[in-house]
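In case it helps, this note's numbering puts the sequence shown at residues 4 to 369.
What the hints contain is simulated information worked out from the structure, not anything from laboratory work. A portion of the hints provided could be inaccurate.
Said to hold, decoys possible - Label-pair restraints from in silico Cβ distances:
| hint | residue 1 | residue 2 | range |
| --- | --- | --- | --- |
| 1 | Gln250 | Asp309 | 51 to 59 Å |
| 2 | Ala77 | Thr227 | 29 to 37 Å |
| 3 | Gly192 | Ser91 | 52 to 60 Å |
| 4 | Ala77 | Asp233 | 48 to 56 Å |
| 5 | Asp233 | Gln359 | 53 to 61 Å |
| 6 | Arg103 | Asp233 | 41 to 49 Å |
| 7 | Asp233 | Ile74 | 56 to 64 Å |
Stated by the list, open to error - Capping the alpha-carbon separation at 16 Å, the derived lysine to aspartate or glutamate pairs in EDC-like fashion look like this:
| hint | residue 1 | residue 2 |
| --- | --- | --- |
| 8 | Lys128 | Asp152 |
| 9 | Lys345 | Asp334 |
| 10 | Lys47 | Asp309 |
| 11 | Lys47 | Glu357 |
| 12 | Lys337 | Glu56 |
Don't be surprised by glycine CBs; every beta carbon is placed ideally from N, CA and C.
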Amino acid sequence: MRTASRFLIVLIFLGVVLGGIFGYKFYQFGQMKEQFSQPQPPAKISATMASTEMWTPEIKAVGSVEAINGIEVANEVSGVVETIAFESGDTVKKGDILIRLDAAIDEAALRTRRAEAQLAEQEFKRVSDLLPKRAVSQSQYDEAKANFDAARARVNEAEAQLSKKIIRAPFDGKLGLRLVDQGEYIGTGTPIVEINMLDPIYVDYTLSEKDLPMVQQGYDVVATVAAIPDSHFAGQVSAINTSVNPQTRTVRIRATLGNEDNQLRPGMFATVATRQPQDREVVTVPRTAVSYNTYGDFVFVVEENDDGELVVNRRTIQTGNTRDSRVAVLDGLKEGEQVVSKGLLRLRAGQRVEVQEDEQPAEASK
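All chains, full assembly: derive it from the sequences and hints.
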(Lines of atoms letter the chains of each structure in order from A; the text may use other names.)
(Lines give C-alpha, C1' and ligand atoms only; values in the text may rest on other atoms or scores of the structure.)
Protein backbone atom coordinates (compact mmCIF):
# COMPACT_ATOMS: atom_id res chain seq x y z
CA MET A 4 0.00 0.00 0.00
CA ARG A 5 2.78 2.37 0.90
CA THR A 6 4.42 1.77 -2.50
CA ALA A 7 1.17 2.47 -4.33
CA SER A 8 0.68 5.69 -2.35
CA ARG A 9 4.16 6.87 -3.17
CA PHE A 10 3.66 6.09 -6.87
CA LEU A 11 0.37 8.04 -6.84
CA ILE A 12 2.06 11.03 -5.19
CA VAL A 13 4.81 10.99 -7.85
CA LEU A 14 2.23 10.90 -10.64
CA ILE A 15 0.33 13.80 -9.11
CA PHE A 16 3.55 15.78 -8.76
CA LEU A 17 4.55 15.11 -12.37
CA GLY A 18 1.08 16.09 -13.56
CA VAL A 19 1.30 19.39 -11.69
CA VAL A 20 4.79 20.13 -13.14
CA LEU A 21 3.83 19.23 -16.71
CA GLY A 22 0.60 21.15 -16.42
CA GLY A 23 2.53 24.20 -15.29
CA ILE A 24 4.95 23.91 -18.19
CA PHE A 25 2.20 23.48 -20.78
CA GLY A 26 0.24 26.31 -19.23
CA TYR A 27 3.22 28.63 -19.42
CA LYS A 28 3.91 27.69 -23.04
CA PHE A 29 0.25 28.23 -23.91
CA TYR A 30 0.45 31.65 -22.30
CA GLN A 31 3.58 32.48 -24.32
CA PHE A 32 1.91 31.35 -27.55
CA GLY A 33 -1.08 33.55 -26.82
CA GLN A 34 1.17 36.53 -26.20
CA MET A 35 3.06 35.93 -29.45
CA LYS A 36 -0.19 35.54 -31.39
CA GLU A 37 -1.46 38.78 -29.95
CA GLN A 38 1.81 40.49 -30.84
CA PHE A 39 1.77 39.27 -34.45
CA SER A 40 -1.86 40.25 -34.84
CA GLN A 41 -0.86 43.85 -34.24
CA PRO A 42 -0.31 45.83 -37.48
CA GLN A 43 3.37 46.03 -38.48
CA PRO A 44 4.87 49.51 -38.53
CA PRO A 45 5.48 50.89 -42.03
CA ALA A 46 8.90 50.26 -43.53
CA LYS A 47 11.00 53.37 -43.91
CA ILE A 48 12.19 53.85 -47.47
CA SER A 49 13.93 56.25 -49.82
CA ALA A 50 11.93 57.13 -52.91
CA THR A 51 12.28 59.21 -56.07
CA MET A 52 10.14 60.28 -58.98
CA ALA A 53 10.53 58.80 -62.45
CA SER A 54 11.65 61.69 -64.64
CA THR A 55 12.08 62.38 -68.35
CA GLU A 56 15.42 63.24 -69.92
CA MET A 57 16.66 63.92 -73.44
CA TRP A 58 18.90 61.03 -74.41
CA THR A 59 20.64 60.13 -77.64
CA PRO A 60 19.22 56.68 -78.43
CA GLU A 61 21.90 54.04 -78.77
CA ILE A 62 22.05 50.30 -79.29
CA LYS A 63 24.83 48.40 -77.56
CA ALA A 64 26.41 45.24 -78.91
CA VAL A 65 29.65 43.31 -78.73
CA GLY A 66 32.00 42.63 -81.58
CA SER A 67 35.57 42.14 -82.71
CA VAL A 68 38.21 44.50 -84.06
CA GLU A 69 39.32 43.65 -87.59
CA ALA A 70 42.08 45.08 -89.79
CA ILE A 71 40.96 46.74 -93.03
CA ASN A 72 43.78 44.80 -94.69
CA GLY A 73 45.53 42.03 -92.83
CA ILE A 74 47.44 39.06 -94.23
CA GLU A 75 50.39 36.76 -93.71
CA VAL A 76 52.94 37.68 -96.36
CA ALA A 77 54.16 34.56 -98.19
CA ASN A 78 56.48 33.83 -101.11
CA GLU A 79 55.28 32.77 -104.56
CA VAL A 80 58.49 30.91 -105.42
CA SER A 81 60.87 28.81 -103.38
CA GLY A 82 64.44 29.75 -102.57
CA VAL A 83 67.07 30.54 -99.97
CA VAL A 84 66.60 33.74 -97.93
CA GLU A 85 69.49 36.00 -98.94
CA THR A 86 68.52 39.30 -97.28
CA ILE A 87 65.99 40.31 -94.62
CA ALA A 88 65.19 44.01 -94.92
CA PHE A 89 62.84 44.51 -91.95
CA GLU A 90 62.59 44.11 -88.19
CA SER A 91 59.64 42.71 -86.29
CA GLY A 92 57.16 45.49 -85.51
CA ASP A 93 58.30 47.84 -88.28
CA THR A 94 55.88 50.21 -89.97
CA VAL A 95 56.19 49.88 -93.75
CA LYS A 96 54.84 51.45 -96.92
CA LYS A 97 53.42 49.65 -99.91
CA GLY A 98 56.27 48.34 -102.08
CA ASP A 99 58.94 48.33 -99.36
CA ILE A 100 61.27 45.32 -99.70
CA LEU A 101 60.82 42.72 -96.97
CA ILE A 102 63.16 39.91 -98.07
CA ARG A 103 65.25 38.87 -101.06
CA LEU A 104 65.70 35.26 -102.11
CA ASP A 105 68.86 33.95 -103.80
CA ALA A 106 68.32 34.71 -107.50
CA ALA A 107 71.59 33.64 -109.15
CA ILE A 108 69.94 30.97 -111.31
CA ASP A 109 67.08 33.26 -112.30
CA GLU A 110 69.48 36.08 -113.21
CA ALA A 111 71.45 33.70 -115.44
CA ALA A 112 68.23 32.51 -117.07
CA LEU A 113 67.26 36.13 -117.74
CA ARG A 114 70.62 36.86 -119.40
CA THR A 115 70.11 33.82 -121.63
CA ARG A 116 66.63 34.94 -122.62
CA ARG A 117 67.84 38.45 -123.41
CA ALA A 118 70.61 37.08 -125.62
CA GLU A 119 68.12 34.90 -127.47
CA ALA A 120 65.82 37.88 -127.88
CA GLN A 121 68.65 40.01 -129.24
CA LEU A 122 69.53 37.34 -131.81
CA ALA A 123 65.88 36.97 -132.82
CA GLU A 124 65.61 40.74 -133.21
CA GLN A 125 68.63 40.87 -135.51
CA GLU A 126 67.25 38.03 -137.64
CA PHE A 127 63.88 39.76 -137.84
CA LYS A 128 65.48 43.04 -138.97
CA ARG A 129 67.52 41.22 -141.63
CA VAL A 130 64.45 39.45 -143.01
CA SER A 131 62.46 42.67 -142.88
CA ASP A 132 65.08 44.40 -145.06
CA LEU A 133 65.07 41.54 -147.58
CA LEU A 134 61.31 41.18 -147.90
CA PRO A 135 60.80 44.29 -150.15
CA LYS A 136 63.54 42.99 -152.45
CA ARG A 137 61.74 39.64 -152.62
CA ALA A 138 64.92 37.98 -151.40
CA VAL A 139 62.89 36.11 -148.76
CA SER A 140 59.39 34.74 -148.80
CA GLN A 141 56.46 36.00 -146.78
CA SER A 142 56.49 32.81 -144.73
CA GLN A 143 60.15 33.37 -143.80
CA TYR A 144 59.28 36.89 -142.70
CA ASP A 145 56.34 35.63 -140.62
CA GLU A 146 58.51 32.97 -138.99
CA ALA A 147 61.21 35.50 -138.08
CA LYS A 148 58.62 37.85 -136.57
CA ALA A 149 57.04 35.03 -134.54
CA ASN A 150 60.45 33.97 -133.24
CA PHE A 151 61.23 37.55 -132.21
CA ASP A 152 57.87 37.95 -130.44
CA ALA A 153 58.34 34.63 -128.62
CA ALA A 154 61.85 35.63 -127.53
CA ARG A 155 60.57 38.91 -126.08
CA ALA A 156 57.81 37.02 -124.24
CA ARG A 157 60.40 34.67 -122.71
CA VAL A 158 62.37 37.72 -121.53
CA ASN A 159 59.25 39.11 -119.86
CA GLU A 160 58.59 35.74 -118.23
CA ALA A 161 62.15 35.54 -116.90
CA GLU A 162 61.93 39.10 -115.54
CA ALA A 163 58.64 38.27 -113.80
CA GLN A 164 60.16 35.13 -112.29
CA LEU A 165 63.16 37.12 -111.08
CA SER A 166 60.93 39.81 -109.53
CA LYS A 167 59.25 37.13 -107.40
CA LYS A 168 62.56 36.61 -105.63
CA ILE A 169 61.96 40.00 -103.99
CA ILE A 170 59.02 39.99 -101.53
CA ARG A 171 57.54 43.45 -100.93
CA ALA A 172 54.93 44.93 -98.59
CA PRO A 173 51.55 44.67 -100.36
CA PHE A 174 50.14 47.75 -98.59
CA ASP A 175 50.91 50.30 -95.88
CA GLY A 176 50.81 48.70 -92.45
CA LYS A 177 52.52 47.44 -89.34
CA LEU A 178 54.51 44.23 -89.34
CA GLY A 179 54.24 41.47 -86.77
CA LEU A 180 56.90 38.94 -85.83
CA ARG A 181 59.46 37.75 -88.37
CA LEU A 182 58.89 34.07 -89.16
CA VAL A 183 61.94 33.25 -91.34
CA ASP A 184 65.70 33.43 -90.89
CA GLN A 185 68.50 34.50 -93.18
CA GLY A 186 69.94 31.54 -95.08
CA GLU A 187 66.81 29.47 -94.58
CA TYR A 188 65.37 27.59 -97.55
CA ILE A 189 61.65 28.33 -97.81
CA GLY A 190 59.18 26.50 -99.98
CA THR A 191 56.39 28.15 -101.93
CA GLY A 192 53.77 29.71 -99.65
CA THR A 193 55.88 29.90 -96.48
CA PRO A 194 54.57 32.58 -94.04
CA ILE A 195 57.18 35.32 -93.72
CA VAL A 196 55.54 37.99 -91.55
CA GLU A 197 52.06 39.23 -90.67
CA ILE A 198 51.10 42.71 -91.84
CA ASN A 199 48.03 44.68 -90.76
CA MET A 200 46.69 48.06 -91.75
CA LEU A 201 45.73 49.57 -88.38
CA ASP A 202 44.52 53.08 -89.16
CA PRO A 203 41.68 53.26 -89.84
CA ILE A 204 40.40 49.95 -88.51
CA TYR A 205 37.15 48.00 -88.57
CA VAL A 206 34.96 46.75 -85.76
CA ASP A 207 32.47 44.06 -86.78
CA TYR A 208 29.45 43.33 -84.58
CA THR A 209 25.96 41.87 -84.82
CA LEU A 210 22.54 43.26 -83.98
CA SER A 211 19.18 41.58 -83.62
CA GLU A 212 16.97 41.82 -86.68
CA LYS A 213 14.46 43.85 -84.64
CA ASP A 214 17.11 46.57 -84.19
CA LEU A 215 17.94 46.74 -87.90
CA PRO A 216 15.45 49.58 -88.70
CA MET A 217 17.22 51.74 -86.09
CA VAL A 218 20.65 51.54 -87.76
CA GLN A 219 21.75 53.17 -90.99
CA GLN A 220 25.03 53.60 -92.80
CA GLY A 221 26.76 56.74 -91.54
CA TYR A 222 25.42 56.57 -87.97
CA ASP A 223 27.99 57.42 -85.29
CA VAL A 224 29.45 54.66 -83.14
CA VAL A 225 31.62 54.65 -80.04
CA ALA A 226 33.65 51.55 -79.20
CA THR A 227 35.48 50.51 -76.05
CA VAL A 228 37.78 47.56 -75.43
CA ALA A 229 38.54 45.82 -72.15
CA ALA A 230 42.28 46.20 -72.68
CA ILE A 231 41.97 50.03 -72.67
CA PRO A 232 38.85 50.67 -70.54
CA ASP A 233 39.32 54.44 -70.25
CA SER A 234 39.62 55.06 -74.01
CA HIS A 235 36.72 55.60 -76.41
CA PHE A 236 37.12 55.16 -80.16
CA ALA A 237 34.73 57.08 -82.39
CA GLY A 238 33.70 56.13 -85.89
CA GLN A 239 30.77 55.53 -88.20
CA VAL A 240 28.76 52.62 -89.55
CA SER A 241 30.38 51.89 -92.91
CA ALA A 242 28.46 48.80 -94.04
CA ILE A 243 25.42 46.70 -93.15
CA ASN A 244 25.18 43.13 -94.37
CA THR A 245 22.48 42.50 -96.95
CA SER A 246 21.09 39.37 -95.27
CA VAL A 247 20.00 38.21 -91.81
CA ASN A 248 21.48 35.04 -90.35
CA PRO A 249 18.54 32.59 -90.35
CA GLN A 250 19.91 30.65 -87.36
CA THR A 251 20.61 33.56 -84.99
CA ARG A 252 18.26 36.18 -86.51
CA THR A 253 21.06 38.72 -86.39
CA VAL A 254 22.65 40.97 -88.98
CA ARG A 255 26.34 41.81 -89.24
CA ILE A 256 27.35 45.47 -89.00
CA ARG A 257 30.74 46.99 -89.80
CA ALA A 258 31.97 50.32 -88.46
CA THR A 259 35.19 52.16 -89.32
CA LEU A 260 37.12 53.67 -86.40
CA GLY A 261 40.03 56.06 -86.17
CA ASN A 262 43.14 54.44 -84.67
CA GLU A 263 45.94 56.97 -85.03
CA ASP A 264 47.89 55.67 -82.02
CA ASN A 265 47.49 52.04 -83.13
CA GLN A 266 45.96 51.17 -79.76
CA LEU A 267 43.34 48.93 -81.32
CA ARG A 268 44.59 45.60 -82.63
CA PRO A 269 42.82 42.97 -84.74
CA GLY A 270 41.06 40.35 -82.64
CA MET A 271 40.30 42.60 -79.67
CA PHE A 272 36.88 42.15 -78.04
CA ALA A 273 34.90 45.40 -78.28
CA THR A 274 31.68 46.87 -76.92
CA VAL A 275 30.02 49.07 -79.54
CA ALA A 276 27.32 51.70 -79.04
CA THR A 277 25.51 52.71 -82.24
CA ARG A 278 23.94 56.15 -81.82
CA GLN A 279 20.95 57.55 -83.67
CA PRO A 280 21.25 61.15 -84.89
CA GLN A 281 18.21 62.60 -83.06
CA ASP A 282 17.76 62.92 -79.29
CA ARG A 283 14.48 61.72 -77.81
CA GLU A 284 12.69 61.98 -74.50
CA VAL A 285 12.87 58.91 -72.25
CA VAL A 286 11.64 58.06 -68.75
CA THR A 287 14.54 57.32 -66.40
CA VAL A 288 15.01 56.09 -62.83
CA PRO A 289 18.12 55.45 -60.71
CA ARG A 290 19.81 52.11 -61.32
CA THR A 291 19.34 51.30 -57.63
CA ALA A 292 15.55 51.45 -58.13
CA VAL A 293 15.53 48.51 -60.55
CA SER A 294 15.74 44.86 -59.57
CA TYR A 295 17.15 42.75 -62.40
CA ASN A 296 16.37 39.04 -62.72
CA THR A 297 15.76 36.38 -65.34
CA TYR A 298 11.99 36.71 -65.04
CA GLY A 299 11.97 40.41 -65.89
CA ASP A 300 13.13 43.67 -64.40
CA PHE A 301 10.86 45.37 -61.88
CA VAL A 302 10.50 48.36 -59.56
CA PHE A 303 8.47 48.99 -56.41
CA VAL A 304 5.99 51.79 -57.07
CA VAL A 305 4.78 53.84 -54.08
CA GLU A 306 0.96 54.20 -54.18
CA GLU A 307 -1.95 54.91 -51.82
CA ASN A 308 -4.28 52.07 -50.84
CA ASP A 309 -8.02 52.38 -50.18
CA ASP A 310 -7.32 53.54 -46.62
CA GLY A 311 -5.09 56.35 -47.82
CA GLU A 312 -1.92 54.62 -46.61
CA LEU A 313 1.27 54.48 -48.62
CA VAL A 314 2.09 50.97 -49.87
CA VAL A 315 4.50 49.54 -52.41
CA ASN A 316 3.47 47.42 -55.37
CA ARG A 317 5.81 45.45 -57.58
CA ARG A 318 5.67 46.41 -61.27
CA THR A 319 7.47 44.75 -64.18
CA ILE A 320 9.18 47.20 -66.55
CA GLN A 321 11.15 47.08 -69.80
CA THR A 322 14.54 48.70 -69.40
CA GLY A 323 16.72 50.28 -72.06
CA ASN A 324 20.17 51.83 -72.05
CA THR A 325 22.07 52.80 -68.94
CA ARG A 326 23.83 56.13 -68.61
CA ASP A 327 25.90 57.02 -65.58
CA SER A 328 23.71 56.11 -62.58
CA ARG A 329 20.35 56.09 -64.39
CA VAL A 330 18.52 53.60 -66.59
CA ALA A 331 15.94 54.25 -69.29
CA VAL A 332 12.48 52.70 -68.81
CA LEU A 333 10.92 51.89 -72.18
CA ASP A 334 7.62 50.51 -70.85
CA GLY A 335 5.78 50.03 -67.56
CA LEU A 336 6.40 53.38 -65.87
CA LYS A 337 5.30 56.96 -66.42
CA GLU A 338 6.89 60.28 -65.60
CA GLY A 339 6.04 61.44 -62.09
CA GLU A 340 5.40 58.01 -60.60
CA GLN A 341 7.20 57.47 -57.31
CA VAL A 342 9.49 54.46 -56.99
CA VAL A 343 11.57 53.05 -54.16
CA SER A 344 15.19 53.98 -54.81
CA LYS A 345 16.98 51.88 -52.17
CA GLY A 346 16.48 48.71 -50.13
CA LEU A 347 14.30 46.72 -52.52
CA LEU A 348 15.28 43.32 -51.10
CA ARG A 349 13.46 43.82 -47.78
CA LEU A 350 10.16 44.87 -49.37
CA ARG A 351 7.12 42.83 -50.41
CA ALA A 352 4.11 43.74 -52.52
CA GLY A 353 1.38 45.53 -50.55
CA GLN A 354 3.67 46.44 -47.65
CA ARG A 355 2.99 49.73 -45.88
CA VAL A 356 5.83 52.22 -46.15
CA GLU A 357 6.91 55.60 -44.92
CA VAL A 358 8.98 57.78 -47.22
CA GLN A 359 11.93 58.79 -45.12
CA GLU A 360 13.99 60.38 -47.89
CA ASP A 361 12.48 61.80 -51.06
CA GLU A 362 15.28 62.03 -53.61
CA GLN A 363 15.05 64.61 -56.36
CA PRO A 364 15.08 63.27 -59.94
CA ALA A 365 18.05 64.03 -62.14
CA GLU A 366 17.94 67.08 -64.38
CA ALA A 367 17.38 66.44 -68.08
CA SER A 368 20.60 65.71 -69.89
CA LYS A 369 21.83 64.34 -73.18
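Outcome of the hint check:
1. Gln250 with Asp309: 51 to 59 Å: holds (52 Å)
2. Ala77 with Thr227: 29 to 37 Å: Holds: the Cβ-Cβ distance is about 35 Å, inside 29 to 37 Å.
3. Gly192 with Ser91: 52 to 60 Å: For Gly192 and Ser91 the Cβ distance comes to about 21 Å; the hint is violated.
4. Ala77 with Asp233: 48 to 56 Å: violated (38 Å)
5. Asp233 with Gln359: 53 to 61 Å: violated (37 Å)
6. Arg103 with Asp233: 41 to 49 Å: holds (44 Å)
7. Asp233 with Ile74: 56 to 64 Å: The hint (56 to 64 Å, Cβ to Cβ) is violated, given that Asp233 and Ile74 are roughly 32 Å apart.
8. Lys128 with Asp152: Roughly 13 Å between the alpha carbons, so the hint for Lys128 and Asp152 holds.
9. Lys345 with Asp334: violated (21 Å)
10. Lys47 with Asp309: violated (20 Å)
11. Lys47 with Glu357: holds (5 Å)
12. Lys337 with Glu56: holds (12 Å)
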